[in-house]
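Got chain Z sorted already, so can you dock chains H, X and G onto it with the hints?
Chains as they are written, first to last, in my numbering: chain Z, 1 to 165; chain H, 166 to 330; chain X, 331 to 495; chain G, 496 to 660.
Hints were generated in silico from the structure; no laboratory data involved. C-beta: ideal position from N, C-alpha, C; glycine also. Any given hint could turn out to be false.
One side of the interface only, derived from the structure: several residues of chain G facing chain H at Cβ under 8 Å [claimed, not checked]: (1) E601; (2) T627; (3) L628.
Protein chains: 4
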Amino acid sequence: MAPGGDRCRSSVRSARSAAPVSSAPLDPAAARVRASFARQGAMATLGTELTDVVAGRVVIALPIEPRLSQQDGFLHAGVVVAALDSACGYAALTLMPDDAEVLTVELKVNLLAPVSGERLVAEGEVVRAGGTLTVCRGDAYAEQAAERVHVATMLATMVGRRARP
Amino acid sequence: MAPGGDRCRSSVRSARSAAPVSSAPLDPAAARVRASFARQGAMATLGTELTDVVAGRVVIALPIEPRLSQQDGFLHAGVVVAALDSACGYAALTLMPDDAEVLTVELKVNLLAPVSGERLVAEGEVVRAGGTLTVCRGDAYAEQAAERVHVATMLATMVGRRARP
Amino acid sequence: MAPGGDRCRSSVRSARSAAPVSSAPLDPAAARVRASFARQGAMATLGTELTDVVAGRVVIALPIEPRLSQQDGFLHAGVVVAALDSACGYAALTLMPDDAEVLTVELKVNLLAPVSGERLVAEGEVVRAGGTLTVCRGDAYAEQAAERVHVATMLATMVGRRARP
Amino acid sequence: MAPGGDRCRSSVRSARSAAPVSSAPLDPAAARVRASFARQGAMATLGTELTDVVAGRVVIALPIEPRLSQQDGFLHAGVVVAALDSACGYAALTLMPDDAEVLTVELKVNLLAPVSGERLVAEGEVVRAGGTLTVCRGDAYAEQAAERVHVATMLATMVGRRARP
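This is chain Z alone, in the form it adopts within the complex:
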């Protein structure tokens, strides 16, 4: 098959040129992301926090706690994936039309090291935004005091669809 993406070509917008939310307090895309995030029961249950929202890039953090562990005390891979998935999905949403919702088509993650420390930081970034599909990259880091370890890297495909009225 030929690589896909043709239909995505015309509407690519740069994920790099955006001003940070802090200097654009009325950014409707960021407001939309924050409102949506607040409705995610799972993000609350996992104790996550939305720390950065700019066009094409979203960062989510969560405290590493025993209640989120796997059998050896490290953070469960599924929790890492959940945070990365939300970061990537919301990064995609920042570049979608105002009335869009975002769903995960698929994701793939390589886990680079067992996760321990104080805090997980999951960064999602748009690689290519299209009319229908958006490809994102995510990277997660375990933080402990001044140390930061790269613990996971993700590629994900998101789809936008019109919200139902």
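Relative to the frame of chain Z, chains H, X and G by itself:
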């Protein structure tokens, strides 16, 4: 590159020939899986239950609840992935030596439909078990009364390592 | 994020209920696949042959030759992927509207064993067909006399788009 | 499961600090890569050229030709994957012991745009090198005159094993 897996060849064991745990109550692999599962804080936090453990195949279920939702009320993709990851990892562990621990190297999941209903069932199965790496497939289903919808399919690579004494 | 696929729900067609091409010689989908396959320069260069086309399932085979090897004489992983990608893409195309073209959005493959022998057989099958996206599974086998080894397994996402007039 | 990679931790080497081959003409890792590449029948059949080899990073290029096309005249996705797979595998090999061989465990690629133009350039880079497994990222670009389009992005897992004497 050549496809990998050569070193995995000699120790493949069949995932199909095993008797169910219920008819083999002293199966040490199943006992090991159950003990490990009980130590997973994340699985408890998500409300999961280990429903089947046989050689090469493990099933995990969890109730679909608002506290595990994404923004539109469906089950969060990360929760689906967490359940599938544990199911696949434990399926791999059933075929590993007694003193092995299992870690996720990587996973990829396609999400086939938004997840709603009463219960998510995540099934993990070994595709190929090797000396070092085990490849697993996972499939998740949303159940509601008599209906069962296929909501996700996963491929994952697990690695066994010796437990530290 | 929520798993995607909602929009795909209504148009799912069964990949299982189809009669084989041999008993339906006028099947327009199979004819379309065969015509498209014949235009793939890469499939000819790799020496592939389209061996089966039924609704939701396509099989492609190729001889294992030194000119397609990696450095140790095994079949190159990229060749395995190329065959699986075409098998999956055409499996998707069999369930798409008559004027559709198919493109690969993404694919992931686990390579289970080094590939040697006489022939590679790549089977692609639709897992879920939707209005826009189709998810496929592929499995490749190395054949040598009566022996058949499972050498790779794939998950792939395909997108249909209207052909340009 | 816990994310894997623990055993990989101690032997990580930086992919960034290496001098380019041109300033280290006797680099044995680069020589090893070039010798191995020359033995890949598939790379010759596809018309590829090894354009850069430094520690942790390898670049491969190939002319875009009708004999490598899919049905609409674009470069076949499998060819893109083959080039990226070799670039990633050899990037991994540059950081492995002298007597190691490299095999692909798995790979995942997102195809970002149909590939046309004069030349495909596939860049592979090590994300994390470990004692057993190495995680790589690959990016492919279609070049035409002064234009360069990002057409694919890959994550791949490679495994090193001792060469047989």
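Results of checking the hints against the structure:
The restraint placing E601 (chain G) at the interface with chain H holds, with a minimum CB-CB distance near 6 Å, inside the 8 Å limit. Using the Cβ-Cβ criterion of 8 Å, the hint placing T627 (chain G) at the interface with chain H is satisfied: the shortest such distance is roughly 7 Å. With 8 Å as the threshold, the beta carbon of L628 (chain G) comes within range of chain H, its nearest partner Cβ sitting at about 6 Å, so the hint holds.
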